[in-house]
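Q: Given next are the chains, with one letter for each unit.
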Amino acid sequence: MFEKEMIIWAKHLYPLCRSITGKGTRKTLSFFEKINPEFKRKKYRSGTKVFDWEIPNEWNIEDAYIQHSTGKKFAEFKKNNLHIVGYSEPINKYISKEKLLKKIYSLKNQPSFIPYVTSYYNKDWGFCMSENDKKKLPRGKYKIVIKSSLKKGFLELSDCILKGKSKKEIFFSSYICHPSMANNELSGPVLVNALIKYVKKFYKKRRYTYRFVLLPETIGSITYLSRFHKVLKQNMLAGFNLSCVGDEKNYTQVFTPNEKTIADSALYSSLIGKKNVRNLSFKYRGSDERQYCSPLINLPVTAFYRSKYFNEYHTNKDDFKLVTAKGLGESFEVIKNIIDTFEEGIFTKNIIKCEPFMSKRKLYRNLSKKDLYDEKSQNTRMNLIAFSDGKRNIFEIAKELNVPLSKILKEYKLLKKFKILK
Amino acid sequence: MFEKEMIIWAKHLYPLCRSITGKGTRKTLSFFEKINPEFKRKKYRSGTKVFDWEIPNEWNIEDAYIQHSTGKKFAEFKKNNLHIVGYSEPINKYISKEKLLKKIYSLKNQPSFIPYVTSYYNKDWGFCMSENDKKKLPRGKYKIVIKSSLKKGFLELSDCILKGKSKKEIFFSSYICHPSMANNELSGPVLVNALIKYVKKFYKKRRYTYRFVLLPETIGSITYLSRFHKVLKQNMLAGFNLSCVGDEKNYTQVFTPNEKTIADSALYSSLIGKKNVRNLSFKYRGSDERQYCSPLINLPVTAFYRSKYFNEYHTNKDDFKLVTAKGLGESFEVIKNIIDTFEEGIFTKNIIKCEPFMSKRKLYRNLSKKDLYDEKSQNTRMNLIAFSDGKRNIFEIAKELNVPLSKILKEYKLLKKFKILK
Amino acid sequence: MFEKEMIIWAKHLYPLCRSITGKGTRKTLSFFEKINPEFKRKKYRSGTKVFDWEIPNEWNIEDAYIQHSTGKKFAEFKKNNLHIVGYSEPINKYISKEKLLKKIYSLKNQPSFIPYVTSYYNKDWGFCMSENDKKKLPRGKYKIVIKSSLKKGFLELSDCILKGKSKKEIFFSSYICHPSMANNELSGPVLVNALIKYVKKFYKKRRYTYRFVLLPETIGSITYLSRFHKVLKQNMLAGFNLSCVGDEKNYTQVFTPNEKTIADSALYSSLIGKKNVRNLSFKYRGSDERQYCSPLINLPVTAFYRSKYFNEYHTNKDDFKLVTAKGLGESFEVIKNIIDTFEEGIFTKNIIKCEPFMSKRKLYRNLSKKDLYDEKSQNTRMNLIAFSDGKRNIFEIAKELNVPLSKILKEYKLLKKFKILK
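Protein chains in written order, with our numbering: chain A, 1 to 422; chain B, 1 to 422; chain C, 1 to 422.
Incorrect hints may appear among the rest.
The list cannot tell twin chains apart, which means a pair is met if one copy fits it or any two copies do.
[Unchecked claim] Here are the simulated lysine to aspartate or glutamate pairs, EDC-like style, with alpha carbons at most 20 Å apart:
#, residue 1, residue 2
1, K260, E396
2, K326, E343
3, K197, E333
4, K283, E411
5, K147, E62
6, K422, D52
7, K34, E400
8, K73, E33
9, K151, E333
10, K283, D124
11, K11, E396
12, K419, E131
13, K362, D124
14, K72, E54
These aren't lab readings, by the way, just hints derived from the structure by calculation.
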């Protein structure tokens with residue numbers, strides 16, 4: 001579902017030079033706000049204190065390159081926006097090759113990759129090149145041109161709240177501060193937007209309230225929490241941070257420090273039966289779950305990644321060879337199953353004492369025959385009844401039975417219809 | 001203990017055609033009621049509502065066979081009562097071989113075995129044959145004769161309560177609804193009767209009350225629970241469902257969904273040190289534990305099987321090659337150790353502060369010598385004292401120490417005698 | 001730290017004939033009381049009831065040997081005090097070689113080792129020899145001479161309390177009842193004395209109170225508990241029994257029966273990253289933790305050993321080939337790290353909401369570069385913040401992160417200094 005839309009959106013946004021502030025990020029938010037007009041933009045002025053942090057100046061960049069005395073240009077921003085260190089201050093001067101080399105970042109182990117480097121909070125500048133290209137730089141003097149600006153402005157983010165019968169919220173977060181890289185991080189924002197479209201279309205009368213936020217990583221989530229921590233704490237039933245969800249390799253979950261929240265078991269159960277699943281301790285956190293689960297914030301936000309440690313990470317090779325419609329679609333299904341379960345109801349209970357008389361409802365074989373005995377879906381059905389003890393929720397039952405959430409959900413719907421579970 | 005009696009009883013009852021109702025079951029109950037006159041019969045009329053179920057009509061059968069136009073008979077009920085599908089309706093008609101074959105059940109993977117098939121709740125009829133015999137059926141017309149009746153009558157069961165000082169009950173259940181098969185299920189009922197004899201003989205002044213029930217599987221336990229759930233819930237300290245306990249192969253426990261009841265640890269500890277023990281999740285439940293542990297019933301009943309999945313299961317090969325006096329005797333010992341422990345008292349506590357002075361009671365070596373240091377029974381003795389912290393019961397201590405319950409019990413008796421534990 | 005002092009003390013004390021009472025033990029206590037004058041001697045009269053036990057007569061010995069009719073002496077006490085069974089009664093008589101052999105203990109599997117044997121509570125006598133020497137005893141008559149005395153006297157022990165701001169105590173115990181053996185048990189007492197010197201020198205203003213006790217094993221700790229159980233129960237935050245801590249082989253922890261006390265996680269975390277660590281259940285207890293953790297005493301005392309089961313155990317080969325300054329020093333570090341952590345404070349909490357802005361404090365790289373990403377100490381720093389949730393103490397966080405306590409402590413100090421943690 002929504003594979004095509006997601007990949008089209010991502011490819012459209014790919015060329016923009018996003019950062020934690022600036023025009024690229026603003027355009028990205030505007031794009032999504034057209035897709036889902038329920039988004040509401042929030043703006044926070046440079047210099048605003050947010051907990052221990054301060055919102056930095058707004059950074060914008062027009063052009064940047066290195067020019068050899070012969071006139072030949074290198075590391076051209078207009079060819080690839082990774083060439084410029086994020087938040088580089090404006091500069092226009094001549095320097096020797098020797099001095100220049102100290103300001104060019106490259107990866108010795110991945111000599112054909114351009115790395116992604118930033119320096120948000122320490123005034124600096126620099127360029128990024130592949131190790132191979134860096135080595136080929138001719139001798140001589142160079143002109144350094146960075147047409148950027150660092151001025152008072154705004155940090156911007158957008159949230160979209162879809163109200164349900166209950167004030168209790170299901171929360172999703174992803175970030176929009178990375179320049180031309182696909183998995184990290186256009187995959188998360190496009191998945192968020194597909195989920196919004198899904199919830200609007202299929203759950204017009206919603207059981208729960210849904211909150212989706214798109215923000216710059218770290219400083220954005222800290223800013224958001226500094227404003228909305230109280231309401232999030234009161235209402236959040238389960239939260240999911242979405243990052244690097246566009247490749248086809250692994251399925252990765254980072255647990256909350258508690259490891260037993262509803263969010264933890266929800267994502268865990270939705271990954272049962274997938275190939276290459278890794279369920280990691282909070283030690284291996286990486287993205288905004290760092291803020292949502294920090295000790296004095298303590299929200300039940302688990303993190304969903306496909307490949308968490310991938311070769312192309314933070315380089316120009318994180319592109320649409322890695323991120324595919326199929327990968328995004330598979331990730332959508334993982335979250336869709338969770339949403340479907342929340343909307344069906346996760347707190348299951350038996351209505352009938354003892355095993356129900358399944359045969360009279362045509363829910364069980366009539367003939368007790370040995371070779372039918374292990375029929376699988378029937379087993380899942382009876383197991384779901386047997387473990388619906390009012391203590392375990394649907395996600396926990398799936399986990400205990402080691403049956404994919406989607407199968408459990410199918411049986412649960414059937415058993416509710418037949419007034420066996422409620 | 002009681003091996004000989006058990007095997008004699010089982011062989012005597014083997015030929016009867018039992019089902020969930022009817023004369024075979026009634027005779028089986030009467031037989032046990034002579035052995036243990038404390039049993040009290042309970043009768044429930046056909047059509048009575050029991051939770052989600054309804055007690056079916058009583059089924060009785062006199063004869064059944066298939067007769068070829070040449071006069072030759074096949075699948076003769078009088079030769080083996082497994083030949084007839086349980087609860088077959090009466091019939092007397094001619095049909096073609098083609099049509100007949102659709103009503104004959106056999107096992108392709110076990111071509112020499114006659115399977116056991118029932119159709120309690122869907123009016124039907126059928127025969128069971130070995131695949132080999134089915135293949136040899138000659139061409140032509142057949143006469144089908146089933147001299148059975150399905151009429152208003154009674155479902156019957158019997159319970160035996162041996163009162164103790166405490167109202168708290170130790171509960172045992174097995175079932176008497178299977179025709180000529182030995183392990184599943186004559187082994188359970190004969191073990192129940194041996195246990196009754198044991199408790200009456202060796203525990204005339206009982207600490208606990210014991211309740212033993214023999215009933216048809218599923219519908220019988222549901223009926224019993226519909227009448228006695230409240231009192232069982234109030235009083236049951238631990239319960240054990242006994243099924244397929246006559247072979248010599250494995251020892252199998254199915255835990256309750258909670259996995260930590262007194263019953264769970266009791267059976268677990270009594271199986272320590274046996275060969276081929278399997279302790280299974282409630283996912284692998286099979287018999288009346290399905291009812292006793294269902295969410296709204298929620299009784300602490302663990303299930304004890306020897307081999308749970310055996311080749312001969314639900315076929316005519318489940319006979320006295322599989323079930324032996326030795327097998328039954330071994331199963332008796334497993335439960336005997338549990339009963340002995342309950343009667344000795346399971347809530348152990350230290351009387352003395354610090355380690356007791358064992359030597360003055362001659363309970364410890366006098367000489368502290370290196371090569372005596374690891375002497376085993378002494379280790380168990382000291383460990384039992386060390387872990388009797390008032391939180392762990394005897395079964396849990398045995399589990400933690402990984403020492404067979406019988407050895408722990410022996411030490412416990414000694415230490416009580418010497419006023420070290422109470 | 002203190003390696004040299006410890007090994008000198010141990011070697012000085014090695015020749016003395018210690019037992020659970022008597023002059024050797026008294027001299028040993030006096031020696032330590034000179035090193036740490038805060039020790040206070042306690043004396044308990046023979047015949048005093050202590051819980052289930054009674055303080056035995058005081059045993060002193062001057063000389064003992066076996067003399068062949070030719071005049072040749074064997075098993076001479078003056079050459080090695082292990083030759084005499086501890087608490088041997090006085091004797092002076094002639095016996096046949098046959099009878100004598102029954103009173104000589106040796107080890108068939110370790111034929112060149114003299115074993116250590118005692119008979120505290122059963123009046124007896126005996127000699128210990130190597131199996132090899134025992135075999136070489138010439139035929140003929142023997143004179144048996146044991147110049148010992150068993151008279152009313154005292155059991156003596158010494159405790160040292162260093163008061164801190166809090167009444168809460170950190171407790172250490174070791175024992176001084178073994179004759180000429182080095183690991184078991186001079187290593188524990190010398191470590192105790194080094195720890196006292198360390199606490200006095202480096203923590204003049206202490207957060208916690210420290211209690212150190214040196215006593216005869218079993219009867220000594222029982223006596224001490226019979227007098228001080230109440231105050232220990234009220235105040236003990238964590239306790240450590242120190243035994244066999246002088247070799248260089250393993251690191252062994254015996255958990256309390258609870259396994260989750262502060263003491264348990266303290267020692268566990270301080271052993272992370274060491275080679276050959278074994279964390280054992282209370283089933284494998286061996287020394288005075290048997291008393292401290294007995295059910296009605298129930299103090300949080302974990303036991304620290306280096307090699308718990310070593311070849312030289314309870315023989316004359318337990319000497320200074322086994323026990324080294326290096327081994328003692330390593331053991332000191334293990335406990336030092338625990339003390340340092342207690343004094344720094346173990347109940348850590350975040351001060352700042354969300355992740356702190358580390359860069360402005362120069363606690364984090366400024367440049368976000370891919371190849372710096374996994375830098376280890378930074379990881380530990382951020383993990384310590386992330387897991388300081390007010391529920392886990394420092395020891396538990398170290399355990400969860402699987403990072404040695406010393407590294408965690410270093411980061412903790414830094415983060416407190418920067419007002420990130422408290």
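Q: Now look at each hint and say whether the structure bears it out.
A: Against the structure, the hints come out as follows:
| no. | hint | in the structure |
| --- | --- | --- |
| 1 | K260 with E396 | both (9 Å within a copy, 18 Å between copies) |
| 2 | K326 with E343 | neither (25 Å within a copy, 56 Å between copies) |
| 3 | K197 with E333 | within (14 Å within a copy, 60 Å between copies) |
| 4 | K283 with E411 | between (35 Å within a copy, 16 Å between copies) |
| 5 | K147 with E62 | within (6 Å within a copy, 96 Å between copies) |
| 6 | K422 with D52 | between (46 Å within a copy, 16 Å between copies) |
| 7 | K34 with E400 | neither (42 Å within a copy, 45 Å between copies) |
| 8 | K73 with E33 | neither (37 Å within a copy, 81 Å between copies) |
| 9 | K151 with E333 | neither (42 Å within a copy, 53 Å between copies) |
| 10 | K283 with D124 | neither (31 Å within a copy, 61 Å between copies) |
| 11 | K11 with E396 | neither (38 Å within a copy, 46 Å between copies) |
| 12 | K419 with E131 | neither (66 Å within a copy, 41 Å between copies) |
| 13 | K362 with D124 | between (72 Å within a copy, 15 Å between copies) |
| 14 | K72 with E54 | neither (40 Å within a copy, 91 Å between copies) |
Hints 2, 7, 8, 9, 10, 11, 12 and 14 from the list above are not met by this structure, while the remaining hints are.
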